[in-house]
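Using the sequences and the hints, build the whole thing.
Chains as they are written, first to last, in my numbering: chain A, 1 to 111; chain B, 112 to 222.
A couple of the hints might just be wrong.
The list that follows gives simulated cross-link-like pairs (lysine-lysine, PhoX-like), each with its CA atoms no further than 20 Å apart [as the list claims (entries may be wrong)]: (1) B:K182 <-> A:K98; (2) B:K194 <-> B:K168; (3) A:K98 <-> A:K3; (4) A:K98 <-> B:K168; (5) A:K57 <-> A:K71; (6) A:K17 <-> A:K59.
Computed far set for chain A versus chain B, every beta-carbon distance over 10 Å [as the list claims (entries may be wrong)]: (7) I13; (8) N24; (9) N27; (10) N53; (11) R61; (12) T68; (13) P82; (14) D84.
These aren't lab readings, by the way, just hints derived from the structure by calculation. Note that the structure is predicted; figures quoted are calculated from it, not measured. Backbone N, C-alpha and C fix where the C-beta goes; we use that ideal spot for every residue, glycine too.
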Amino acid sequence: SQKIEQNSEALNIQEGKTATLTCNYTNYSPAYLQWYRQDPGRGPVFLLLIRENEKEKRKERLKVTFDTTLKQSLFHITASQPADSATYLCALDMNDYKLSFGAGTTVTVRA
Amino acid sequence: DGGITQSPKYLFRKEGQNVTLSCEQNLNHDAMYWYRQDPGQGLRLIYYSQIVNDFQKGDIAEGYSVSREKKESFPLTVTSAQKNPTAFYLCASSPRDQPQHFGDGTRLSIL
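Okay, structure coming up:
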């Protein structure tokens, strides 16, 4: 079965710095990969989707890369702000409408 | 406003009792999903439905049941057969091969 690993459960960074989150997967070749943000006690909110034939995707201060050879996606938050503090989840397309989610990385941005 | 509404926000279950969690969407999405989230773990798929009157088991369907009689509604019943029901339950919907939209969850606890 597929396995999804997100680097370290928690990441603490200084405001203004870049946060880099890692999502590694095994035993599968997804057609696309998604990143979501989840705040405490709330449902996840979609951020970015990147397809297998795309190397990089950007949205404002967010950047996602997708390396199908390494089976890895990197998620970057540039010029981080305290409001970026949340848990970030990666999710792999499993075909047939389904997604498989990682456990998430909790980011805390210090002012 | 379009979105997904989950109710109640908090729910308590007594021993041997079935409880039903509500999920309603007005986004006109074909697919709907139920996930369970436990601390430190990713979202695990319980059931999903691609069209009305049809649904499939996810990875952890034992002890749960669903129905999809209307496009807008996908209620989840946690039966007495589910021995460890305490968790955060999330409902989502999506068009085919598109990002999922989540509700704000129901937190179920045992009395």
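(message) Next pair to validate is K98 (chain A) with K168 (chain B); report whether the Cα-Cα distance is within 20 Å.
(response) Status holds; Cα separation ~11 Å.
(message) Please verify whether K98 (chain A) and K3 (chain A) have alpha carbons no more than 20 Å apart.
(response) Holds. K98 (chain A) to K3 (chain A) sits at ~15 Å (cutoff 20 Å).
(message) With the threshold set at 20 Å, check whether the alpha-carbon distance from K57 (chain A) to K71 (chain A) stays at or below it.
(response) Given that 20 Å is the threshold and the Cα spacing comes to 16 Å, the pair holds.
(request) Classify the label on I13 (chain A) as holds or violated, using whether its beta-carbon is more than 10 Å from each beta-carbon of chain B. (result) holds, 21 Å
(request) Please settle this one: N27 (chain A) was flagged as non-interface, so is its CB more than 10 Å from every CB on chain B? (result) The assertion about N27 (chain A) holds, with a minimum of 15 Å to chain B.
(message) Beyond 10 Å on every Cβ pair: is that true for N24 (chain A) relative to chain B?
(response) Correct as stated: the minimum Cβ-Cβ distance to chain B is 13 Å, above 10 Å.
(message) Verify this label for me: P82 (chain A) is non-interface relative to chain B, using a Cβ-Cβ cutoff of 10 Å.
(response) Check passes; 22 Å lies beyond 10 Å.
(request) Compute the least Cβ-Cβ separation between N53 (chain A) and chain B, then decide whether it is above 10 Å. (result) Nearest chain B Cβ is 15 Å from N53 (chain A), so the label holds.
(request) Check the non-interface label on T68 (chain A): least C-beta distance to chain B beyond 10 Å or not. (result) Per Cβ check, T68 (chain A) is outside 10 Å of chain B; nearest 18 Å; holds.
(message) Hinted pair, alpha-carbon criterion (20 Å max): K182 (chain B), K98 (chain A). Please report holds or violated.
(response) At roughly 18 Å apart (the allowed maximum being 20 Å), K98 (chain A) and K182 (chain B) satisfy the hint.
(message) According to the definition I'm using, a residue is off the interface if its beta carbon is farther than 10 Å from all beta carbons of the partner; does D84 (chain A) meet that for chain B?
(response) Label holds. Min Cβ-Cβ 19 Å, cutoff 10 Å.
(request) Report holds if the minimum CB distance from R61 (chain A) to chain B is greater than 10 Å, and violated otherwise. (result) holds, 19 Å
Hint compliance for this structure: no hint is broken.
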